[in-house]
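Student: The chain contents come next:
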Amino acid sequence: MTAIMPKQAEQSRPARDLASPLVMPARWLTVLTFAAPVALIAAQVWSVQASAPDRDMGHLQKIMYVHVPAAWMAFLSFFLVLVQSVRYLWRREERADLLAAAAAEVGAVFTGLTLLLGSIWGRPTWGVWWTWDARLTSTAVLFLVFIGYLALRGLTDDPVRRATWSAAVGILGALNVPIVYMSVKWWRTLHQMQSSPSTVDPTYAWGLRLNAIALLLVLIVFIAHRYRALQREQIAERLLDDAALLRRSGA
Amino acid sequence: MLSLQAEWGRVRAVAWKDLVAERRTKSNFNAVVAMAALMLLFFGFALGPDAEALRNAAAGVLWLTIFFSGVLAFNRSYQLELEAGALEQLLLYPGERWAIYLGKLLANLAFVFLMELITLPLTGILYHVAFPARWFAVLSVLVLGTIGFVSLGTLYAAMASRSRSREVLLPLLLFPMMVPVLIAASGATAALLVNDVMGDSGAWIRLLAAFDVIFLIAATWAFQFVIDG
Numbered sequence: 001m002t003a004i005m006p007k008q009a010e011q012s013r014p015a016r017d018l019a020s021p022l023v024m025p026a027r028w029l030t031v032l033t034f035a036a037p038v039a040l041i042a043a044q045v046w047s048v049q050a051s052a053p054d055r056d057m058g059h060l061q062k063i064m065y066v067h068v069p070a071a072w073m074a075f076l077s078f079f080l081v082l083v084q085s086v087r088y089l090w091r092r093e094e095r096a097d098l099l100a101a102a103a104a105e106v107g108a109v110f111t112g113l114t115l116l117l118g119s120i121w122g123r124p125t126w127g128v129w130w131t132w133d134a135r136l137t138s139t140a141v142l143f144l145v146f147i148g149y150l151a152l153r154g155l156t157d158d159p160v161r162r163a164t165w166s167a168a169v170g171i172l173g174a175l176n177v178p179i180v181y182m183s184v185k186w187w188r189t190l191h192q193m194q195s196s197p198s199t200v201d202p203t204y205a206w207g208l209r210l211n212a213i214a215l216l217l218v219l220i221v222f223i224a225h226r227y228r229a230l231q232r233e234q235i236a237e238r239l240l241d242d243a244a245l246l247r248r249s250g251a
Numbered sequence: 252m253l254s255l256q257a258e259w260g261r262v263r264a265v266a267w268k269d270l271v272a273e274r275r276t277k278s279n280f281n282a283v284v285a286m287a288a289l290m291l292l293f294f295g296f297a298l299g300p301d302a303e304a305l306r307n308a309a310a311g312v313l314w315l316t317i318f319f320s321g322v323l324a325f326n327r328s329y330q331l332e333l334e335a336g337a338l339e340q341l342l343l344y345p346g347e348r349w350a351i352y353l354g355k356l357l358a359n360l361a362f363v364f365l366m367e368l369i370t371l372p373l374t375g376i377l378y379h380v381a382f383p384a385r386w387f388a389v390l391s392v393l394v395l396g397t398i399g400f401v402s403l404g405t406l407y408a409a410m411a412s413r414s415r416s417r418e419v420l421l422p423l424l425l426f427p428m429m430v431p432v433l434i435a436a437s438g439a440t441a442a443l444l445v446n447d448v449m450g451d452s453g454a455w456i457r458l459l460a461a462f463d464v465i466f467l468i469a470a471t472w473a474f475q476f477v478i479d480g
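Top to bottom, those sequences are chains A and B. Under the numbering used here, think of the first position of the first sequence as 1, with each following residue one higher. Under the numbering used here, think of the first position of the second sequence as 252, with each following residue one higher.
With the rest of the complex left out, here is chain A:
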């Protein structure tokens, strides 16, 4: 009897999962949805006002305020994908899969933003749109890994299959990140190309911090909204399936 109980609980879980609210109460999400863009604008206003133009880069340096935190957020979301993928394979909770999917989508957007801003900054600073720097190149690879992850989700119809497969791809992709980084780094040192630029001066740390907080809010809001949308898509899919079954049975 005790052996049967958990099984039953597990089977009823998906339904409860979907009925349960979001990653956070709806009211919080509403507040955050308005707070995030305000914080983002405030952070830009502050950093343009408060910090002097950089000696070498001038106001170009302001790009760093968004570029660097965007990269942090990208890595944060992919870490979330890894954790939720492991959780899905372990516990088979639907919400872990949906959260991983939401985080992967938002992470891909932030990775794209990181690459784009880095490129815009690099053109006047290094004189090139692109350099085969270890961090730059492995970020691009990471971007493609998660584009693959999202493509797999888009091309798989069965929800359980989609969840299981993308969890496996997410875990293997995350496992590969340090290996990609190391291999690109060795590849560059063996080829003796230009070295990477020095990172941002400590006096500019506040601009980074404010933007990090603002972008973290944006990240949470995006993930929460995408999670809610995915949840509703899942419910709609299920209702359509039920309706089709009912029609076929002639009821």
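Since the hints were made in silico from the structure, they are not lab data. One thing to keep in mind: the hints can contain errors.
[Unchecked claim] Computed beta-carbon distance windows for the label pairs: (1) A/Arg238 x B/Leu390: 50 to 56 Å; (2) A/Leu245 x B/Asn281: 44 to 50 Å; (3) A/Arg247 x B/Glu418: 30 to 36 Å; (4) B/Arg457 x A/Gln49: 49 to 55 Å.
Quick caveat: nothing in here was measured; it's all calculated off a predicted structure. Note that the Cβ used here is the ideal one computed from N, Cα and C, for glycine as well.
Following the hints, complete the assembly by docking chain B onto the known chain A.
Tutor: Just chain B now, kept in the frame of chain A:
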């Protein structure tokens, strides 16, 4: 011990089944080898007839050719299973899921190694590469790089072949994962073709070996989830 022996028997049975199916049709192998030859010619056309430029590009071209033509082979290994519910029957047999994975991995390895047996000398001829003095090291790079490539290819094809767009999805999933293999394998091969005067190949070979160990274990573990899904 006994159960491991039984699993090994299953591994061999799956590998043998796949290889026999391939040998009897042969159409796939011939097409993939023709594709590899075509790619070697095409890279040559793109890089120009200058012998020195071709020789310098040979290692990278060899690995790109292996990847781009090898990727055509993996979906086939599941395509056969999708007909007439063969996969369901395969899964109904007693035994562990990883035995199926290792069996398919061995069959795919044999397939890609055979393809390389033709591609390798062809690259040497078309790209004016002299027979390397350290041919054994070149061969071990080839083996290690191929194991890394095929171990993930076999896993990802189990998903891609059952998705809505397998032709696009498999390379899209597989190739970003192959970045370390491509860098390390072509780096080591390029170094060894000029007799590795700088001593670069050792680090690359270790990286390849580490990649193989990590992803062989990870793919063998992940396969049980993927194949049941």
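Student: Taking the hints in turn, state whether each one holds.
Tutor: Comparing the hints with the structure gives:
no.	hint	verdict
1	A/Arg238 x B/Leu390: 50 to 56 Å	holds, 54 Å
2	A/Leu245 x B/Asn281: 44 to 50 Å	holds, 46 Å
3	A/Arg247 x B/Glu418: 30 to 36 Å	holds, 34 Å
4	B/Arg457 x A/Gln49: 49 to 55 Å	holds, 51 Å
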